[in-house]
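So the sequence lines, in the order shown, correspond to chains A and B.
Residue numbers for the first sequence follow this note's numbering, beginning at 1 and rising by one.
Residue numbers for the second sequence follow this note's numbering, beginning at 1 and rising by one.
No lab work stands behind these hints: they were computed from the structure.
None of the values given here were measured: they were computed from a predicted structure.
Glycine is no exception: its CB is placed at the ideal position from the N, C-alpha and C atoms.
Treat the hints loosely; a few may be bogus.
Stated by the list, open to error - Just a sample of chain B residues kept apart from chain A, beta carbon distances all over 10 Å, derived: (1) S63; (2) F281; (3) E364; (4) R430.
Claimed, not checked - Result set (BS3-like, lysine-lysine): computed pairs, CA atoms no more than 27 Å apart in a straight line: (5) K80(A) with K285(B); (6) K437(B) with K26(A); (7) K155(B) with K80(A).
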Amino acid sequence: MHIIDRRRNPQGKSLSNRQRFLRRAKRQVTEAVRQASAERRIRDVADGERIVIPTDGLREPRFHHDPVTGHQDGVATGNKTFREGDRIPRPGKGAGGKGGRDGSADGDGTDAFGFVLTREEFLDIFLEDLELPDLMKKSVSRLENTKPERSGFATSGSPTNINLLRTMRNSLSRRIALRRPSNDELDALRAEIADLERTAPDSRKLDELRIRLGLLERRTREIPYLDPMDIRFNRFEAVPRPITQAVMVCMMDVSGSMSEAMKDLAKRFFMLLYLFIQRRYRHVEIVFIRHTHKAEEVDEDTFFYSRETGGTVVSTALVEMRRVIAERFPVSDWNIYAAQASDGDNLTADGPEVAAILARDILPITQYFAYVEVSGGVGELLKTNSNLWRIYAPFATSHDNFAARRVAGRGDIYPVFRDLFTPEKQSV
Amino acid sequence: MCSALTPAADAALLFADPDWSYDAVQRTYDAIEEIAVGELGLDVYPNQIEVITAEQMLDAYASIGMPLMYGHWSFGKQFATNELLYRKGARGLAYEIVINSNPCISYIMEDNSMAMQALVIAHAAFGHNHFFKNNNLFRQWTDAEAILDYMQFAKTYIARCEERHGARAVERVLDAAHSLMDYGVNRYQRKRRVSPQSREQRARDRLRYEEKSYSDLWQRTNPVDAGPERDGDGGDQPPHPAELVPLPEENILYYLEKMAPRLEPWKREVLRIVRQIAQYFYPQKQTKVMNEGCATYVHYRVLNRLHEKRLLSDGGVLEFLHSHSSVIFQPDFDDQRYSGINPYALGFEMMTDIQRICERPSDEDRQWFPDIAGNGDAMGTLRDAWANYRDESFILQFLSPTVMRRFKMFRLSAGPDDPEYLVEAIHNERGYRRIRKSLARRYDVGLHDPNIQVVESNLDGDRTLVLRHEVIGGRLLDREDATAVLQHVADLWGYPVALEEVDATGHGVLREHQRVEPRD
C-alpha cells in the first residue's frame, strides 16, 4: 500500500473549467451582476457575491421521461397508517413527499442556478459592463499595495535576512550558559601544559591538566560555536500604504423629474467613483445629500429609494455639504470628493447663488468635484443646455478640479473618470 | 516514556491521538487488511491512498471523481454548485472518493480524524475495491488497468483539438456528446466485426483468385447466378456503408461516430472518448445499492472487529458509529429530508440481513430463501452476491420480508391524470412480492432510461436519421429536453433528425417530434 500526499499538488484544477463556465454564461452573469450591483450598497460594490442566473444556455439536456405522462409506480418507505387499496392525495410536481422522487430523479428540475463570484470576477464583470478600458480595469481591481516593514525577529526566513547582531548575541549567551570554553582559555591551558612538559614532564599536575584539556576540547566540539537555534532573521510585515482618509459627498436631485433609470445611472456613477477613491485611500466615508428645494443628509437607502416632491434648488445641497464638512470633516484631515448627479433642472433664480458657493466655498476645499447630468435618452442630449449646465460649464474650464459630463447610458460614465484619473492630474 | 503511564490495554490501540499521521494510517491499514482479507476473504486490487485537501476534493467532485479529466464548462458549473453548497454548509463533503483502477486509488481528506480515516480505508480501499475487482459487470465492461492512461490520452487529445480547432468548436461537440452520454453505452457484448480494410482485402484476394483460376469453360457451362449474394462478410461487392452498423442500433453515440456522413475525424474521436467514459461508468450506475452496500457492510464489520480485538478505542467506535448511522439514515416518505430510498441504507440493511439469514434464519427465511437460510457461510454468500448480481437482480433475489418490514415499504401507483396515488401493496404477506418486484424495477436501467434507438438512416435518400422511442407504460419524453438533444444529434449527423415515440406493445405511434435540421 502506498500513501501519497497530494496536498501540495497544484490547487484549483477546476479553475480553467470555471472560466469556461463563466465565459459560457457570460450574458446571464453580466445581467445578474448588473442587477446585483443595482441592489447592493455603494460600499459593498467590490465584494464577491452569490449570484443567481437563469439556466438557459447552461442546461445540459438529456433524454428523460416527462414525469407527468404515463403510468407511475414506485416504492417508498415509512408507511405508518396506509393499507392496501387506500388512496392518498398526490402532491404537486416537485413538491416534496413522493413527488420528489420523480421530479428530481431524472432531468434537472431547477430553472435558476446560484453560485459565488470572487471579488475579482465580480469587479471584472461590473467594470466591463461600464465599458472601461482594460488598463483602467486592472488598476481598479488590483489589490491594495503593501510595503514590507521591519517588525521584530523571526526564527525562520531567507538567508539574506539573517540578523547578524541578534544571531551572534544568541550564540554568545548560549555559549556562556553552556560554558563552552573560549579560545583564550584553551590557549592558556595549552601554554601551561607545554610549559609543564618542558619543566616537569612527569608531574601529576600535567596529567590533570591534560585530562582537563581533553574535557574542554570535547566540550568545544560538542557545543557548536553557532547553532541553528541561535539564528534570527529580520522579520518584515506587510503594512498597507499610509492610510489617508477621504470623504465622498454624493449629491442628487430627487425631485419628481428624476426617473428610476436616471437614478440607476447616478448610482453606478457613484459606485465607480467610490471604487476609484477607495483605491487611493484606505478609509473612505460616504455622505449622501439629497435635495429638492431643500436639502438634507440621509442614509443610502433613503437616498436612492425614497421619493420626495418639491422644486429644485441646487444651492441648498451645496450649503448642506458645506455644513457637513465644516462639522465633521476638517479639511486638514480629509480629502474631499464631491459627486453630483442631476437631470439639470434648477430654479433659474438660484443660478448665481450656486455659482457663488461653488467658487467660494466648495471648489477650494475639494480634491475633485464631478458633476454628471443624466438624461433619459440620446434625444435629450440634443436639446438646449439645461439651467444647471449653463452655470457649471464655465467652471470646467476655469478649475482643474471640476468636471461636468452628460451621461445618457452606462457607457458614458467612464469618460468622466478618464478626466478624473488620468496620470497628470494625479496630484494628490 | 508515555506508554509506561498508560494502561496496558491501551498500549495495543492502533492510534490514541485523534489526529492522523502516516504511521497511524499505515498501522491501521495493515490491521484492516488482516481482517478484510484474512477474515472476510475479500479480494482487492493493490491500494494507493492519496491525501488531499478539501478544495482538491471539490475539484475531484467536479470532474466526476476522475483524477484526470478534459476541460469542459459543465465541470465548472458542477464545481460552482458544490462550492456554494459547501460554503453555505448545506452539504458536507464526501469523506472519500475511490477510483476503479488498478492500483485502486482512494482519496482521503486531510481534515478527517484518524477514526474517520480508518472508516474510509475500510469502506473504500477494501469495500469498494473488492466490489470493483469482483463484480461481473465491472469485470466485463471496465478495464481498471487502463483507465488512467486512457483519461490522460483523452485530456491531451481534447486539449490538442482545442488548440487546433478552437475551444468553441470542441465545446459544441462535447456538449452534443454529453447530452447523449446515456446512449453511448453497449449493453451487450458486441459481435466482433470485420473491419472495412479486411473486407476489402478479402474481396481483392477473392478477385485475384478468380483471375488466376479463370477458365472460360466455367462461364459457359456454369452461368453466373444473377441473384444478389449478400451474406454479410462474404460478399465480393464492397459492402453497402449502411451495413457497417446494422440497424436498429441503441448506442447512438457509436452510430454517429461510425456512420455520420460528414463528421470530421477528430469529432469522431471526441465522441469515442465520451463513449468510453460513459461505458466506464455504466456499471456504477447499475450497482449503486450493491456497491455502497458492500462498502458500508465491510466497514461496519471491519471496524467492529477492530474494536473487538481492542485495536480501536471506545471513543473511536462512537465516532465511527456516529458517521455510520448518518450515512445509512433513511427518512420516511413524509419527512422533509426524503428523496427516495438511500442506497447506502438499503444495501447495508439487505447485506446484514443476508448475514442474519445465513446464520440465524427464521421459519419465514427458510421459506423465502431455502438455498441460503442457515448455510452458516454469510461471507461466502455475500461474496457470491457481490460478484454476480446488479441492483435489480440483487433486490429481486435477496430483498427479504424482514427488510421490507424494517423500512415499512409500500407501493404506490397512479395513472397520468389521477389526482391520487393508489396504495397497491404494503409490507404484509400479500404485498411482499409485489413490493419487491416493483422496487427491483426501479433499479433497472433499461426501464429508467427511455429506450431510444436509431432505426433508419436513409443514407441513399435524404439522409434523415430516424430515432425511435419505445414507450413503456405511456411514459413519453420530456418534450423540451428532447428537442434540445435532437438538435445536438442533428448537428453531429449533419442532416435532419426525426424522433418518433412508439408504444412498445404495438399500439402505434404516440407522438412524433418535429424534424430538427442541423445548425451550421
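Now for the hints, and whether the structure bears them out:
{"no.": "1", "hint": "S63", "result": "7 Å, violated"}
{"no.": "2", "hint": "F281", "result": "14 Å, holds"}
{"no.": "3", "hint": "E364", "result": "19 Å, holds"}
{"no.": "4", "hint": "R430", "result": "7 Å, violated"}
{"no.": "5", "hint": "K80(A) with K285(B)", "result": "31 Å, violated"}
{"no.": "6", "hint": "K437(B) with K26(A)", "result": "48 Å, violated"}
{"no.": "7", "hint": "K155(B) with K80(A)", "result": "52 Å, violated"}
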